[in-house]
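**Student:** Given next are the chains, with one letter for each unit.
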Amino acid sequence: MIELDWYLGLSAILFTIGVIGVLTRKNAIVIFMCAELMLNSVNLTLVSFSAQLGDVHGQILVFFSLCVAAAEAAVGLAIIIAIYRNHLSVDVSRIHLLRW
Amino acid sequence: MEIYFFILFATLAVTSAIAMITTKDTVNSALFLVLNLISVAGIFLLLKAQFLAVVQVLVYGGAIMVLFLFVIMLLNLGSEEHLLSRFSVKYVLAFFLGVIVLSQLLYAIASVTGTLPDLSPQMEQVGTVEALGDELFTTYMLPVLVTAILLTAAVVGGILLAQRKFSGK
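Protein chains in written order, with numbering that gives the first Met the number 0: chain A, 0 to 99; chain B, 0 to 168.
Hints were generated in silico from the structure; no laboratory data involved. Backbone N, C-alpha and C define an ideal beta-carbon position, used for all residues, glycine too. Please note that a few of the clues may not be correct.
Said to hold, decoys possible - Using C-beta positions, here's what the derived DEER-type ranges look like:
{"id": "1", "chain 1": "B", "residue 1": "Ala147", "chain 2": "A", "residue 2": "Arg98", "range": "35 to 43 angstroms"}
{"id": "2", "chain 1": "B", "residue 1": "Val128", "chain 2": "A", "residue 2": "Arg93", "range": "41 to 49 angstroms"}
{"id": "3", "chain 1": "B", "residue 1": "Gly97", "chain 2": "A", "residue 2": "Leu87", "range": "36 to 44 angstroms"}
{"id": "4", "chain 1": "B", "residue 1": "Arg163", "chain 2": "A", "residue 2": "Lys25", "range": "24 to 32 angstroms"}
{"id": "5", "chain 1": "B", "residue 1": "Met140", "chain 2": "A", "residue 2": "Val91", "range": "39 to 47 angstroms"}
{"id": "6", "chain 1": "B", "residue 1": "Thr22", "chain 2": "A", "residue 2": "Ser92", "range": "18 to 26 angstroms"}
{"id": "7", "chain 1": "A", "residue 1": "Arg84", "chain 2": "B", "residue 2": "Glu134", "range": "39 to 47 angstroms"}
Given these sequences and hints, build the entire structure.
**Tutor:** What follows is the structure, encoded as structure tokens:
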């Protein structure tokens, strides 16, 4: 009777696309955008559970998740700008200062 | 009707997400992410979470994506003539046409299996700004304040990280 599966399936597909993007792309900004995609798909899961149960707490969690995503985007993009100043590139395969 | 809109938005979201990770140009990728976020906001609207749908468009589709596009333009990662040659009206039209056709096909398939998104009847009251604000400013007062501190710290940290030289030296 309750078709929660469709929303969860869509969320799973979006999350998987985000994972594939993080794994395959080399541009740091695109990797960040894929992380935003994954956060967003988890938000979709929370909202759909909240809607099926008629409970407001899932949506409040989504609200805080949005705030954390905004903070993460601001700090992460500042880090990308700082990396670009030092390396003149945002290609993650070329940034290997802390890597063997 | 509801299931048709669900399938339309879902197809749009999945297609734009795939296009986001397959396109070479960073600016195109960001614009596809905007499309994806707006279609997810439409799904939020189908789930009767009105406030979160509006916040999704304003915060994600507006503020965060403008920040991303600003950084992309600042670092000059996507060349403009490259963008113009790829971003043709014909391709956009073909993309939307493909989305509509695919969603109608999936709608025809789904109507056979008889799937209806079934919501809780209380959701009409739960998804409003009034219910969310009532809960946020009574039970969750402390987390809201902590979030405010977090956002302030993020802004200060972002400015400190992105500026060229620390002026304190």
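**Student:** 39 to 47 angstroms was suggested as the range; check whether the CB atoms of A:Arg84 and B:Glu134 agree with it.
**Tutor:** 43 angstroms Cβ-Cβ, so the 39 to 47 angstroms window holds.
**Student:** Return holds or violated for the Cβ distance of B:Ala147 and A:Arg98 against the range 35 to 43 angstroms.
**Tutor:** holds (36 angstroms)
**Student:** For the range 39 to 47 angstroms, tell me whether the beta carbons of B:Met140 and A:Val91 fit it or not.
**Tutor:** Distance hint for B:Met140, A:Val91 holds at roughly 40 angstroms.
**Student:** With 18 to 26 angstroms as the target window, see if B:Thr22 and A:Ser92 comply at their CB atoms.
**Tutor:** holds (19 angstroms)
**Student:** Assuming the hint says 41 to 49 angstroms, is it satisfied by the Cβ distance from B:Val128 to A:Arg93 or not?
**Tutor:** holds (47 angstroms)
**Student:** Okay, B:Gly97 versus A:Leu87 on CB: inside 36 to 44 angstroms?
**Tutor:** Between B:Gly97 and A:Leu87, where Cβ atoms are some 38 angstroms apart, the hint holds.
**Student:** Taking the Cβ atom of B:Arg163 and the Cβ atom of A:Lys25, is their distance within the range 24 to 32 angstroms?
**Tutor:** Holds, since B:Arg163 and A:Lys25 (Cβ atoms, about 26 angstroms apart) stay within the stated range.
Every hint, counting from the list given before, is met by this structure.
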